[in-house]
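The task is simple: from the sequences and hints, build the whole structure.
One line per chain: the protein sequences are A and B, in this order.
Just so we're aligned, residue 4 is where the first sequence starts under the working numbering, counting upward by one.
Just so we're aligned, residue 31 is where the second sequence starts under the working numbering, counting upward by one.
Simulated from the structure, these hints should not be mistaken for laboratory data.
Relax, there's no trap hidden among the hints.
In silico DSS-like cross-links for lysine-lysine, where the CA-CA straight-line distance does not exceed 27 angstroms: (1) Lys234/B <-> Lys94/A; (2) Lys295/B <-> Lys213/A; (3) Lys301/B <-> Lys213/A; (4) Lys294/B <-> Lys213/A.
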Amino acid sequence: MNNPEILIIDDEPQIRKLLQITLQSNDYKVTETSVAKEGLIMAANHPPDIILLDLGLPDENGHAVLKKLREWYSKPIIILSVQNNEEDIIKALDNGANDYLVKPFRTGELLARIRTALRSPVNDDESPVNIYNDLEIDLAARQVKKKNEPIKLTATEFTLLSLLAKNQGKVLTHQYLLKQVWGPSYINESQYLRVFIAQLRKKIEDDPNKPLHIITQSGVGYRFL
Amino acid sequence: MITGNLNKTSKLNQYLGSIAYVIVVAAICYFFSDIIGYKVAALVLMVTVSLIAMFFDILPVLLAALLSALIWNFFFIPPKYTFHIDNAEDVLLFFMYFIIASVNATLTFKIRAVEKVAKKKEEKEKTLKLYNTLLNSLSHELRTPISTIVAATDNLQANNNKLSEQDKADLLTEISKASLRLNTQVENLLNMSRLESGVIQPKKDWCDINELIYDVVNRLKENLENRTVTISIENDIPLCKLDFGLIEQVLFNLILNANLYIEKKCVIGIKAKMVDNRLLLIVEDDGKGFEPEEIDNVFEKFYRSKNTSIGGTGLGLSIVKGFIEAHNGTIRLENIKSGGARFTIEIPVETNYINNLKNE
Numbered sequence: 004m005n006n007p008e009i010l011i012i013d014d015e016p017q018i019r020k021l022l023q024i025t026l027q028s029n030d031y032k033v034t035e036t037s038v039a040k041e042g043l044i045m046a047a048n049h050p051p052d053i054i055l056l057d058l059g060l061p062d063e064n065g066h067a068v069l070k071k072l073r074e075w076y077s078k079p080i081i082i083l084s085v086q087n088n089e090e091d092i093i094k095a096l097d098n099g100a101n102d103y104l105v106k107p108f109r110t111g112e113l114l115a116r117i118r119t120a121l122r123s124p125v126n127d128d129e130s131p132v133n134i135y136n137d138l139e140i141d142l143a144a145r146q147v148k149k150k151n152e153p154i155k156l157t158a159t160e161f162t163l164l165s166l167l168a169k170n171q172g173k174v175l176t177h178q179y180l181l182k183q184v185w186g187p188s189y190i191n192e193s194q195y196l197r198v199f200i201a202q203l204r205k206k207i208e209d210d211p212n213k214p215l216h217i218i219t220q221s222g223v224g225y226r227f228l
Numbered sequence: 031m032i033t034g035n036l037n038k039t040s041k042l043n044q045y046l047g048s049i050a051y052v053i054v055v056a057a058i059c060y061f062f063s064d065i066i067g068y069k070v071a072a073l074v075l076m077v078t079v080s081l082i083a084m085f086f087d088i089l090p091v092l093l094a095a096l097l098s099a100l101i102w103n104f105f106f107i108p109p110k111y112t113f114h115i116d117n118a119e120d121v122l123l124f125f126m127y128f129i130i131a132s133v134n135a136t137l138t139f140k141i142r143a144v145e146k147v148a149k150k151k152e153e154k155e156k157t158l159k160l161y162n163t164l165l166n167s168l169s170h171e172l173r174t175p176i177s178t179i180v181a182a183t184d185n186l187q188a189n190n191n192k193l194s195e196q197d198k199a200d201l202l203t204e205i206s207k208a209s210l211r212l213n214t215q216v217e218n219l220l221n222m223s224r225l226e227s228g229v230i231q232p233k234k235d236w237c238d239i240n241e242l243i244y245d246v247v248n249r250l251k252e253n254l255e256n257r258t259v260t261i262s263i264e265n266d267i268p269l270c271k272l273d274f275g276l277i278e279q280v281l282f283n284l285i286l287n288a289n290l291y292i293e294k295k296c297v298i299g300i301k302a303k304m305v306d307n308r309l310l311l312i313v314e315d316d317g318k319g320f321e322p323e324e325i326d327n328v329f330e331k332f333y334r335s336k337n338t339s340i341g342g343t344g345l346g347l348s349i350v351k352g353f354i355e356a357h358n359g360t361i362r363l364e365n366i367k368s369g370g371a372r373f374t375i376e377i378p379v380e381t382n383y384i385n386n387l388k389n390e
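Written out as structure tokens, the structure reads:
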């Protein structure tokens, strides 16, 4: 992908200016707007590779904008928020955001998130075998290898891991994971998720206490890298 | 205390109380009237009115003065059981009694009013002092990083050609440090105001204590570079129902605090274990510890250690306390005998021991 295009929808001119300089100097093509209405039109006329969306827009609620975008736009959307409000973030993720950053964020972090989001496959049913650094996941054979050594996973562990891996880079909320892996009636039974994440980490991480694959998003969910 | 009770005592109760006290005392005097004589009875009644004046409002007190005067006249001054008074001396005594009782009541009331004003003023001064402490601390803590940023950027803009690459890099590092510091202060202020306004309701969910502690330590990676941190978590510690974010913030503040105040070679220890149905979290270090007289104050808002030049709004530890109390928990600080400080957190928690689901 040459020079991916990024659309910034944020009402703060300073933030837009800084993002523009940062992103352009990292070889991204940047378009920007301060209003939701214009953002939606720009995205429709010329779909970007990724959208950075601020939740606090003057003309329309950021969650509503996100929903409208997700009706047709399937590429990554990263939320920029000034509030570290878990409920708000979970809502945005449930409405289809891939990731979120709370202002103020470090530039390095932003670039890393953008890279991850762009790398993550939008459509992944072409190849059943996916490689994530030292980890190899074969979705068809339901097999996992770490450093070429097969790892024994239980059925639930495999379902959880493959769901996380399929959404590489994307933050999956606790409730989403519980619903997808255990079913809708388990949506509040977070104890299962905690136990299985701990078990998975013991099997696939070099140091389960310093995980490099399954990253904790405090109070929100997990992200696979 | 007395004013507090006074406010709760309704007006009606005060009137009834005045009447009751006067009647009871008068009855006792009447019982002993043969021994004490009617003039002493007058003094005893006057003492009663004075005592009532110390606690009640002016109108009930005046009522007591009037009532006691009439009772004295009717039951004590000869001829008894009439309001008629025979000799001129007793008439004079009666009017003097009434005037002294009334003046007494009014004066006591006025003194109390003045006291009230003085107390209010004192409270106001106290608030003002706290406010000033806050302003001083805040303006210092916010302005220092802002000054750094303004000065460094000015310097970069004006002297760009004269500065060496090293100077430029140093200035940029200072700007970066200052803005992170500013962010911490603002974060603390926001948390404090959230606590003060009572909007903090812990959203409790099952937490893996290992995950919680290591997540904080991993997040503090940059700050804890070159620092030895020992973590000891009880084996098979159960899942606990806690607000992950709030407890993370608690540990974050405690570890960051310890890291700021102890010397380079010192070690930070983090421990977690269950005692009955309470989760015990300990953050300790082997630094110098706290001055004994400081230990009681460290959790107070805007309190800052006296012999230190390290910045801080003095909010970090009071936020910690607030978040713990929001979980109905407690936190205490003590000095370790062999040196160092230990923060011990105890939180009553719901636990879940389903640590083994390997068959699924």
